[in-house]
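The hints should help you fit chain B onto chain A, whose structure is shown.
Same order as they appear, the protein sequences are chains A and B.
The number in our numbering is simply the position in the first sequence, starting from 1, with 98 added.
The number in our numbering is simply the position in the second sequence, starting from 1, with 98 added.
Heads up, a few of these hints could be off.
As the list claims (entries may be wrong) - Taking lysine to any residue pairs in the SDA-like style, the calculated list, with each CA pair at most 20 Å apart, reads:
1) B:K175 with A:R139
2) B:K175 with A:I135
3) B:K204 with A:S205
4) B:K197 with A:S205
5) A:K197 with B:S217
6) B:K175 with A:Q163
7) B:K197 with A:G168
8) A:K149 with A:T128
9) A:K144 with B:E176
10) A:K197 with B:N183
11) A:K204 with B:D129
12) A:K197 with B:E195
13) A:K149 with A:N167
14) A:K144 with A:V122
15) B:K110 with B:G207
16) A:K175 with B:G143
17) A:K204 with B:V142
18) B:K175 with A:S205
19) A:K204 with B:L211
20) A:K175 with B:K110
21) A:K175 with B:P206
22) A:K113 with A:N183
Unchecked claim - Just some of the chain A residues that point at chain B, by a computed CB distance under 8 Å:
23) I104
24) V132
25) G168
26) I172
27) T177
28) K197
29) I222
I should point out that these hints are in silico values taken from the structure, not numbers from a laboratory.
In this text, a Cβ means the ideal position worked out from N, Cα and C, and glycines have one as well.
Number of protein chains: 2
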Amino acid sequence: MNRHPIEIQIEKADKAIVAEDFDVLMDIYTDDAVLVIEPGRNAVGKNEIRKAFEAIAVYFKNGLQVEQNGMEIIESKETALVLANTVVSGPGFPATERKATYVFNKSPGGNWLCSIDNSYGHEIIDKNA
Amino acid sequence: MNRHPIEIQIEKADKAIVAEDFDVLMDIYTDDAVLVIEPGRNAVGKNEIRKAFEAIAVYFKNGLQVEQNGMEIIESKETALVLANTVVSGPGFPATERKATYVFNKSPGGNWLCSIDNSYGHEIIDKNA
Numbered sequence: 099m100n101r102h103p104i105e106i107q108i109e110k111a112d113k114a115i116v117a118e119d120f121d122v123l124m125d126i127y128t129d130d131a132v133l134v135i136e137p138g139r140n141a142v143g144k145n146e147i148r149k150a151f152e153a154i155a156v157y158f159k160n161g162l163q164v165e166q167n168g169m170e171i172i173e174s175k176e177t178a179l180v181l182a183n184t185v186v187s188g189p190g191f192p193a194t195e196r197k198a199t200y201v202f203n204k205s206p207g208g209n210w211l212c213s214i215d216n217s218y219g220h221e222i223i224d225k226n227a
Numbered sequence: 099m100n101r102h103p104i105e106i107q108i109e110k111a112d113k114a115i116v117a118e119d120f121d122v123l124m125d126i127y128t129d130d131a132v133l134v135i136e137p138g139r140n141a142v143g144k145n146e147i148r149k150a151f152e153a154i155a156v157y158f159k160n161g162l163q164v165e166q167n168g169m170e171i172i173e174s175k176e177t178a179l180v181l182a183n184t185v186v187s188g189p190g191f192p193a194t195e196r197k198a199t200y201v202f203n204k205s206p207g208g209n210w211l212c213s214i215d216n217s218y219g220h221e222i223i224d225k226n227a
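This is chain A alone, in the form it adopts within the complex (with noise of 0.2 Å):
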């Protein structure tokens, strides 16, 4: 089965995470992207989502891990949405998995970009208030 480019673009955010890589970690965003880096707390740019990728990756001892188990991919034209069951540990921090939501969005050059990268699913419900 084709992968979708959606799918090939997370595994490269996913391994550039894991390699601390936050070069080619950032190609992966539009320049306005939101990051829920935790329930109640956004990061909105790329200067911004990089401070916090590189925070996570000290706050996780250098050792994150991130895998997806599952993923499905919902196109409407330019706009597509990501369900997928992402899994995170490190070192002392046993697997957890979370029910992770992306939007993607086709960029004129017909590159998918994520806009918003909110892993914690529905746990920020309530949170933000």
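Chain B only, in chain A's frame:
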């Protein structure tokens, strides 16, 4: 607190579903919107979505009730992700809470329209294989 225009759109949609006012309901969708009818089965475009809602109304014995029990909206420029606890019930159908995921796009006129309507959230994973 000011309500987000998307929250108002969703309230309008819920009321239209309950009232079976499909003209009003279709105004809330983009032309190329995708509705998850049930895991593994999608309706694409206003014609298919309207037919799906007509069938859903009959399935719920013309007594479908929809309400939102908590909602969060993450906005990035012209795209927004909605996480909602959507409660569905009807005659003979006990209330069921779904971890719904909706994507809205801001039209050039400034209106937020629903492009992806997946009230089943992560339940769709591995159902489209």
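Tested hints:
For the hint linking K175 (chain B) to R139 (chain A), the alpha-carbon distance of about 18 Å falls within 20 Å, and the restraint holds. Annotation: proposed proximity of K175 (chain B) to I135 (chain A) holds, straight-line Cα distance about 19 Å (limit 20 Å). A threshold of 20 Å between alpha carbons decides the hint, and for K204 (chain B) with S205 (chain A) the separation of about 16 Å falls inside it, so the pair holds. For the proposed pair K197 (chain B) and S205 (chain A), the alpha carbon gap of about 29 Å is over 20 Å, so the pair is violated.
Taking the CA atoms of K197 (chain A) and S217 (chain B), the gap is about 14 Å. The hint holds against a cut of 20 Å. For the proposed pair K175 (chain B) and Q163 (chain A), the alpha carbon gap of about 30 Å is over 20 Å, so the pair is violated. Taken as a hint, the K197 (chain B) and G168 (chain A) pair is honoured in the structure, with Cα atoms around 17 Å apart against an allowance of 20 Å. This hinted pair checks out: K149 (chain A) and T128 (chain A) have alpha carbons roughly 16 Å apart, not beyond 20 Å.
At roughly 17 Å between alpha-carbon atoms, K144 (chain A) and E176 (chain B) fall within 20 Å of each other, so this suggested pair holds. Taking the CA atoms of K197 (chain A) and N183 (chain B), the gap is near 14 Å; set against the 20 Å cutoff, the hint holds. With a C-alpha separation of about 17 Å, the suggested pair K204 (chain A) and D129 (chain B) falls inside the 20 Å cut-off, and the hint holds. At most 20 Å may separate the alpha-carbon atoms for a hinted pair to count; K197 (chain A) and E195 (chain B) meet this at roughly 16 Å.
In summary, the hint linking K149 (chain A) to N167 (chain A) is not supported, as the alpha carbons are separated by about 27 Å, beyond the 20 Å threshold. Under the criterion of a C-alpha separation no larger than 20 Å, the hint pairing K144 (chain A) with V122 (chain A) is consistent with the structure, at around 12 Å. Restraint check for K110 (chain B) and G207 (chain B): satisfied, since their Cα atoms lie roughly 19 Å apart, inside the 20 Å limit. For a cut-off of 20 Å, the pair hint linking K175 (chain A) to G143 (chain B) stands: about 11 Å separates their Cα positions.
For a cut-off of 20 Å, the pair hint linking K204 (chain A) to V142 (chain B) stands: about 19 Å separates their Cα positions. A distance of roughly 13 Å separates the Cα atoms of K175 (chain B) and S205 (chain A); the hinted pair therefore holds under the 20 Å criterion. For the hint pairing K204 (chain A) with L211 (chain B), the CA-to-CA distance comes to about 18 Å; that is within 20 Å, so the pair holds. Our distance criterion of 20 Å between C-alpha atoms is broken by K175 (chain A) and K110 (chain B), whose separation comes to about 24 Å.
Restraint check for K175 (chain A) and P206 (chain B): satisfied, since their Cα atoms lie roughly 16 Å apart, inside the 20 Å limit. A distance of roughly 16 Å separates the Cα atoms of K113 (chain A) and N183 (chain A); the hinted pair therefore holds under the 20 Å criterion. For I104 (chain A), the interface hint is violated, the least distance from its beta-carbon to any beta-carbon of chain B being 13 Å, above 8 Å. Interface hint status for V132 (chain A): upheld, as the beta-carbon distance to the closest one in chain B is roughly 5 Å, under 8 Å.
The interface hint given for G168 (chain A) holds, since its Cβ lies 4 Å from the closest Cβ of chain B, which is under the 8 Å cut-off. Checking I172 (chain A) against chain B: minimum C-beta separation of about 5 Å stays under 8 Å; hint holds. Checking T177 (chain A) against chain B: minimum C-beta separation of about 5 Å stays under 8 Å; hint holds. With its C-beta approaching chain B no nearer than about 5 Å, K197 (chain A) sits inside the 8 Å limit, and its interface hint holds.
Nearest Cβ of chain B to the Cβ of I222 (chain A): about 5 Å, under the 8 Å cut. The hint holds.
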